[in-house]
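Engineer: Quick mapping for you: the protein sequence lines, in order, are chains A and B.
Numbered according to our numbering, the first sequence spans residues 1 to 185.
Numbered according to our numbering, the second sequence spans residues 186 to 416.
Heads up, a few of these hints could be off.
[Said to hold, decoys possible] Among chain B residues calculated to face chain A with C-beta under 7 Å, some are: (1) Met186; (2) Ala224; (3) Val389.
[To be verified] In silico PhoX-like links for lysine-lysine, alpha-carbon gap of 25 Å or less: (4) B/Lys412 / B/Lys357; (5) A/Lys169 / A/Lys180; (6) B/Lys357 / A/Lys169; (7) A/Lys180 / B/Lys357.
No lab work stands behind these hints: they were computed from the structure.
Fair warning: this is a prediction, and the values are worked out from it, not measured in the lab.
Each residue gets a CB set at the ideal place from its N, CA and C atoms; glycine is no exception.
In case you want the letters, here they are:
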Amino acid sequence: MPAADSPESLEAALARLAGGDANGLEQVYRLSAPRVLAICLRILGDRGEAEDVVHDTYLRLAANAGRYNGARGSAIGWLVTIARNLSIDRLRSRTARGQAMPVSAAEDLPDPAPLADQALLAGETTSRINGCLGTLDEVQEGAIRSAFFTGRTYAQLADERGVPLGTMKSWVRRGLARLKECLDQ
Amino acid sequence: MTERELLAAEIALRLLSDEEQALLAQDPKLAALVAAWEARLAPMAEELPPVEPSPQTWQRIAAAQRGAGNDNDGGQIDQLRTRLRRWQMGSAAAAAAALVLGLFTAPLLDRSTAPNLAPPVLVASLPVGSDAGPRLGLTYLPQSGDLVVEAAGVAGDGVHDHELWLVVPDAKPVSMGVVQPGRQSRVHLSPELAGRIDAGLGVVLTREPLGGAPQGGSAGPVVATGKFSTI
Numbered sequence: 001m002p003a004a005d006s007p008e009s010l011e012a013a014l015a016r017l018a019g020g021d022a023n024g025l026e027q028v029y030r031l032s033a034p035r036v037l038a039i040c041l042r043i044l045g046d047r048g049e050a051e052d053v054v055h056d057t058y059l060r061l062a063a064n065a066g067r068y069n070g071a072r073g074s075a076i077g078w079l080v081t082i083a084r085n086l087s088i089d090r091l092r093s094r095t096a097r098g099q100a101m102p103v104s105a106a107e108d109l110p111d112p113a114p115l116a117d118q119a120l121l122a123g124e125t126t127s128r129i130n131g132c133l134g135t136l137d138e139v140q141e142g143a144i145r146s147a148f149f150t151g152r153t154y155a156q157l158a159d160e161r162g163v164p165l166g167t168m169k170s171w172v173r174r175g176l177a178r179l180k181e182c183l184d185q
Numbered sequence: 186m187t188e189r190e191l192l193a194a195e196i197a198l199r200l201l202s203d204e205e206q207a208l209l210a211q212d213p214k215l216a217a218l219v220a221a222w223e224a225r226l227a228p229m230a231e232e233l234p235p236v237e238p239s240p241q242t243w244q245r246i247a248a249a250q251r252g253a254g255n256d257n258d259g260g261q262i263d264q265l266r267t268r269l270r271r272w273q274m275g276s277a278a279a280a281a282a283a284l285v286l287g288l289f290t291a292p293l294l295d296r297s298t299a300p301n302l303a304p305p306v307l308v309a310s311l312p313v314g315s316d317a318g319p320r321l322g323l324t325y326l327p328q329s330g331d332l333v334v335e336a337a338g339v340a341g342d343g344v345h346d347h348e349l350w351l352v353v354p355d356a357k358p359v360s361m362g363v364v365q366p367g368r369q370s371r372v373h374l375s376p377e378l379a380g381r382i383d384a385g386l387g388v389v390l391t392r393e394p395l396g397g398a399p400q401g402g403s404a405g406p407v408v409a410t411g412k413f414s415t416i
């Protein structure tokens, strides 16, 4: 992976943007947009809508770059979070407006399980969360992954698995508690 | 792990319905826990193979950024000024304006430190029938621009429909459509309309023939009124 993809570089570009450097946004975009599009596309399953959300994500970022808090997490993580939230907003308003969900290839794909070499490339944080997810029961891990990568609610996850809502909640809650314990070690 | 931390994780994962989430998102202390969970979970996305966006996407962003100019916070500050001006006009105690600005600014900026940079959720509740009877609940979700109309306790009489209207200042009331008795429905607002929704905006419910007010005709009698407020 080229050095330009390292978090330091993205964080420096974000700092330039926050400092009022008009070129900062383009640099941030070049360094992060493919990862931002990846999460939008995974959640929305539609290329056009996913690119719309990428557009919204960077405009929102341009207005709020100064609010990034490096103590809390990586810049790419912050961008992914903004993009994921915007994607889920769009997904839910699409469903609410009664439009058919596009039958996309992505919908049918299993939620990605980490490949060893990808985890290595993505660095320590990824392998850590994946390592911790791997310590959970299969149903707990599956539910948390599905929630993260599809933006489904408890009710939707329970429906999909054909289990009562309470069962789904307890899988996820027990999984989250163990995940935190593992990450805090 | 505490109950609040679990709740924060559920919010971060977006496991709750938008309505549950919107109510909880008003709590600034919870927002910090949510942001911490968002940061913890975000690295999961790194296992997705990156996808190069089309060149048009950057061109659109660059064009929009040029349009917005360099004063990126201008919009938000203008909104705040407008709100403050409205408040001043409606109050004799203009001397307290400085204090109010302080009160308004602090929560606004606090909330904005989380990636969910949401303007406040607005709610309104209208009595249907008598004051003690069922109520129609409205929740406006600024992030998605959706108005959620909760009519779970409301029954239809089979002869009339109720139609919901937003009372936009200096314009005709805008119909939000016929209320679906016993159901929850959503109306997605146009960006122009969404830009005009604020605390204090009036809503009215009218009684109409089945199917709602005739196109181009006048609305029926007003049976209930309400106003949006922040939670």
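Engineer: Next pair to validate is B/Lys412 with B/Lys357; report whether the Cα-Cα distance is within 25 Å.
Structural biologist: holds, 17 Å
Engineer: Can you confirm whether the C-alpha distance between A/Lys180 and B/Lys357 stays at or below 25 Å?
Structural biologist: Cα-Cα ~53 Å, so violated.
Engineer: Could you check if B/Ala224 really has its C-beta closer than 7 Å to a C-beta on chain A?
Structural biologist: It holds, given that the least Cβ distance between B/Ala224 and chain A is near 3 Å, below 7 Å.
Engineer: Between B/Lys357 and A/Lys169, is the straight-line Cα distance small enough, at 25 Å or below?
Structural biologist: violated, 46 Å
Engineer: Against chain A, run the beta carbon of B/Met186 and see if the smallest gap drops under 7 Å.
Structural biologist: Holds, because the Cβ-Cβ distance from B/Met186 to chain A comes to roughly 5 Å (cut-off 7 Å).
Engineer: Closer than 7 Å between Cβ atoms is the bar; does B/Val389 clear it against chain A? Give me holds or violated.
Structural biologist: violated, 23 Å
Engineer: Would you mind confirming whether the straight-line C-alpha gap from A/Lys169 to A/Lys180 stays at or under 25 Å?
Structural biologist: holds, 16 Å
The earlier numbered hints that this structure contradicts are 3, 6 and 7.
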